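Enquirer: Each protein sequence line maps, in turn, to chains A and B. Under the working numbering, the first residue of the first sequence is numbered 1, with each subsequent residue one higher. Under the working numbering, the first residue of the second sequence is numbered 1, with each subsequent residue one higher.
Hints are not guaranteed to be accurate.
If you only want the chain A side, here are some residues facing chain B, beta carbon under 8 Å, derived [said to hold, decoys possible]:
1. G34
2. G40
3. S42
4. N46
Computed cross-link-like contacts, PhoX-like style, restricted to lysine-lysine with a CA-CA straight-line distance of at most 25 Å [to be verified]:
5. B/K7 <-> A/K57
6. B/K350 <-> B/K316
7. B/K130 <-> A/K108
8. B/K26 <-> B/K7
9. B/K101 <-> B/K130
10. B/K260 <-> B/K316
11. A/K58 <-> B/K7
12. A/K58 <-> B/K6
Simulated from the structure, these hints should not be mistaken for laboratory data. None of these values were measured; they are calculated from a predicted model. Every residue gets a Cβ at the ideal spot worked out from N, C-alpha and C, and that includes glycine.
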Amino acid sequence: MQGIIFNALEEFVLENASMEVWNNILDENELASGGSYTSGQSYDDNEIDALASTLCKKLDVTLATGLGLFGEFLFEFLLTRSAIEIRDYKTVQELLSELESVIHRDVKRIHPGAYTPLFEYVPSTSFAGILTYRSKRKLCMVAEGLVKGAAKHYQQEVKLDHTQCMHNMADADECVWEVEFS
Amino acid sequence: MSDAYKKAYEREKISRQSAEILLDEKTREVQANIDMIQQQFNDLRQQKKESDYLLSVARLSQNDLGLASIIKQYLLSTIGFLEAKVGRYTYLKDSVLVIGKALGVIGDLPKFSDAFYKTLYQQENRSTLKLSDIGCEEVNLVMDPLDIDRVAFIPIKCFGKTSTVCEIFLPKNTKFNAEMLEQCLVAGYQIGGMVEKSLNSKKLEMSYQEIKASNETIKKTQNQLVQSEKMASLGQLAAGVAHEINNPIGFVMSNVGTLKEYSEVLEGYVKLANSLSESIDSEDARALKEIDDDEDVAVMVNDIKSIVSDCSDGLKRVKDIVANLKSFARSDEEKNEPFNLNECIEKTLKVVWNELKYNVTLNRHFDNKIALVKGHEGQVGQVIMNMLVNAGQAMESPGEITLSTSQKNEWVILSIRDTGKGISKEVMDKIFDPFFTTKEVNEGTGLGLSISYGIIEKHGGNIQVNSKESEGTEFIITLPQSV
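Only chain B is shown next, with the shape it has when bound in the complex:
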């Protein structure tokens, strides 16, 4: 029996040794696994830290931050990522170095030498430098108590050039490696991209505003040009018509003058012939008397005088209108000369009265003491004509137009008030806009008030409008008096 147990004991011993070897192997295996897991955990933690850092930098582009804020946020993120104590940024503004405020445990940080910065901004590749190698005593004095011995320089490039450099001050015990610096540089490139984008969008916005303003000016000019062209054509037409009418009017007036003289001679002759026919008894005298009895020659002669006189008056009016038409047509060629606003209104009224007279009662309240106005009389007349035509069209039933002139300090004021339908608030904001019209298609160009506004502005004056719906509208034109 003892042999049996001895054998069993020997087997057990071998078996135990084998088990111990196995256990050792397994223990080593487990330890190696634990080490590997620890390493993987550390790597993962580092990776998370890096991705958090890069993500925080990437997120800066999503916020609507200014350039300075982007750089500051980047600096803060980088200080945190590198577990640094303090950092700051420097940048070039019109080739002059600007030192930003330090962020971190201290706010005031002496700068490195100008020569050092000059080299720093010219270098392509930078990494970390020992403070002792830079050799700036003032900086060292501040950093020594904080146990900081190195500084990482991270460039931010804009359009291919280093525009900003971030300085991250690292304590001696910082776990810092080339890979982390690489991450900071990558983030720096991202920031550079953001800065470029921001600058580009600012430029773009400015260009857009300039183009918009230019476009507005072009539009305005184009509108005025269109109107000027139109007016010039109309002027040429009017001048041509006026010229053509002038000649026949001339000889008709001359003939009417002659007719007047002839009618006076004829009146004396008829009187004499009548008295002779009374006193002579002859066949011819009786025939003469018979004609006089039948036709009442004396009345006829009187009528001729009156007709000739009326014709003369009518022709005079035609002559005046033609003269005004010519003056209106010549407006662009006119010189910038002082003129009387009251007279200008009268001349304009003669041109447009035909359009107004059936529907409008005109009230004049002219101040005869107003000063002369300097400018283009024809152009101002065009403005007044526009206002009068508009006023006439605003009245659906017979109404009144009141024209008033007055003087206020150095300004001559014309008020054109009608009793028409008025202007709604919605329309009021647009009445001076080119091509804005409330008239039917083909009835109005929408340029009248826009051109008028331009003309008065060009004369150094202004136009104001007061209106109430269903009651009427008042345009007040203010022009500077001639010096």
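Bound-form chain A, shown alone:
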């Protein structure tokens, strides 16, 4: 996992709790990195899982809810702090349609070893479509939160119906949403 995601999580905790909480979360986990994260570096995926679990316990929310909220926060964070230039899209649909071909391609160019999840959006109309997410990390709730964060940014209403989830279906290797924008 790229360091920028850990930076975002830290920022999320500072905004929603306090530095003390973040220190405690770090202290409660034995982290190979020691809790110091640099945006351009890559860190063990287990660290984000551990930190997220601890955080949700502390906030007393389910992991799904916590990750969803973090996803929403993450979109705006990436937009302002990432080294990747995200051009001026007008809608979430536009952004989703170029996520793989433009944005993730740029990520891999700047961080050649980085692992990126796969997002595939197939529109059925101008305001609806099917979104597919595939990742070894199975952070589908973060993905859903990212879409919601994007919708907020582009001032759109979005309705996501999680029709297939990797966590609920043993043989599913991807999550699917029916998405509607308004």
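Once you have looked at the hints, place chain B on chain A.
Expert: Chain B only, in chain A's frame:
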């Protein structure tokens, strides 16, 4: 709270150090990339320079340049490619060394020693030599002020041998390497190929011209041979016929001579018999008178004399024609002897008159003082016959043929002018070409005028033609007089 910030500060410090290390790595990576790109750019620029150079040399083959221009252009391209200041070429012409003019910043350049050039042309592999190693003071004196210290020798090989060597004088600071020299050598091979090709095509062109000329000669000779063969066969036939006719003509003439004598005797006898029949009264005398009254024997005897005389004249003409035919047939065997052109014309007329007499009025304007002409009378007669037959055929309705002879300085001139249909401009250019004919198929071989031209040329003379369509044609044959 202070502990919390202290912890956060410690984390930030580690994080910053990590970021700095990352930045250093990235910076080194970027610098390495920049260096690599620069190197690639330089390589590409060098490659472009090389390909431009090779292309400029290759293009020389597309232009129709002479050998000297090809070498000069190659030299100029190579001077530019190696960033040299001056260059020149030397070449072997019939094993003698020729030094070309220098191209570049100076035009006059002293040559190296003959011994050096001798070695240079014998060596197989050459590259660059330092001027100090060659040790030619005169050259060094010119090159030192220009800061030139080396010279590259690039051979141009033709048919496996070094025929030209280009000398490229290089300044000390020239960026020059073995690869660039290799390119120059490759281009040199190309130039050698072009020179070979050019020489080959020149040779080929010369061979082609020679073959073409030989072919023309063969064609001409073949045509003359065909005609000679034809004439020889015709001559043999004519000689045979003449011989066969000669014998019967001989005894017929002899008999006609005897008949003439007999007719004179018979005339006297008839006169006497008539006067006797008048004076004697007998049955036989009356019968004699009766025959004379019925048949008019005196007139008959007179007619016999006249008939015999006509026969004699006719036979004489037959004899003349046969003699002319024999002389014509013998033309190839004839000796090269002086003859009178007027007589030759007369003899020819006797042979062809039969063909002309119904359609042609003949005018003779002979100069009796013309000199003798040296040559084959029979052959010249053949030419005149050709002209006369052509003139006759050119007249679709009755017309005139005017034969004139004259003398001009050392030349004897014969003009044969007809009032026929004339010759068009298009045809005029071809009338002396072998096998060219305006006659119907099987009516003419197209060889007559060609052979005539050849014969007159062989006699040292010439034939001129003046013609106007619908008015007539004049052939003027000019022959040198006999010395």
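Enquirer: For the pair supplied as a hint, B/K260 and B/K316, is the alpha-carbon distance within the 25 Å limit?
Expert: With Cα atoms ~15 Å apart, B/K260 and B/K316 stay inside 25 Å; holds.
Enquirer: Has the given pair, B/K130 with A/K108, been kept, meaning a C-alpha gap of at most 25 Å?
Expert: Not OK: B/K130 and A/K108 at ~55 Å, beyond 25 Å, violated.
Enquirer: Would the pair B/K350 and B/K316 pass a check requiring their Cα atoms to be no farther apart than 25 Å?
Expert: Cα-Cα ~12 Å, so holds.
Enquirer: For the hint on A/N46, just tell me whether its beta-carbon gets within less than 8 Å of chain B.
Expert: Violated. Min distance 19 Å.
Enquirer: Please work out if A/K58 and B/K7 have their alpha carbons no farther apart than 25 Å.
Expert: holds, 19 Å
Enquirer: Does A/G40 pass the interface check with chain B, least Cβ-Cβ distance below 8 Å?
Expert: Result: holds, 5 Å to nearest chain B Cβ.
Enquirer: With the threshold set at 25 Å, check whether the alpha-carbon distance from B/K101 to B/K130 stays at or below it.
Expert: holds, 21 Å
Enquirer: Between B/K26 and B/K7, does the CA-CA distance stay at or below 25 Å?
Expert: Given that 25 Å is the threshold and the Cα spacing comes to 28 Å, the pair is violated.
Enquirer: Within 25 Å, alpha carbon to alpha carbon, are B/K7 and A/K57?
Expert: holds, 22 Å
Enquirer: Using Cβ atoms only, decide whether A/S42 comes closer than 8 Å to chain B, and label the hint accordingly.
Expert: This hint is violated: A/S42 lies away from chain B, its Cβ roughly 11 Å from the closest one there, beyond 8 Å.
Enquirer: Take the shortest C-beta to C-beta distance between A/G34 and chain B; is it under 8 Å?
Expert: holds, 7 Å
Enquirer: With a cut-off of 25 Å on the C-alpha distance, tell me whether A/K58 and B/K6 pass.
Expert: holds, 22 Å
Hints 3, 4, 7, 8 from the earlier list are contradicted by this structure; the remaining hints agree with it.
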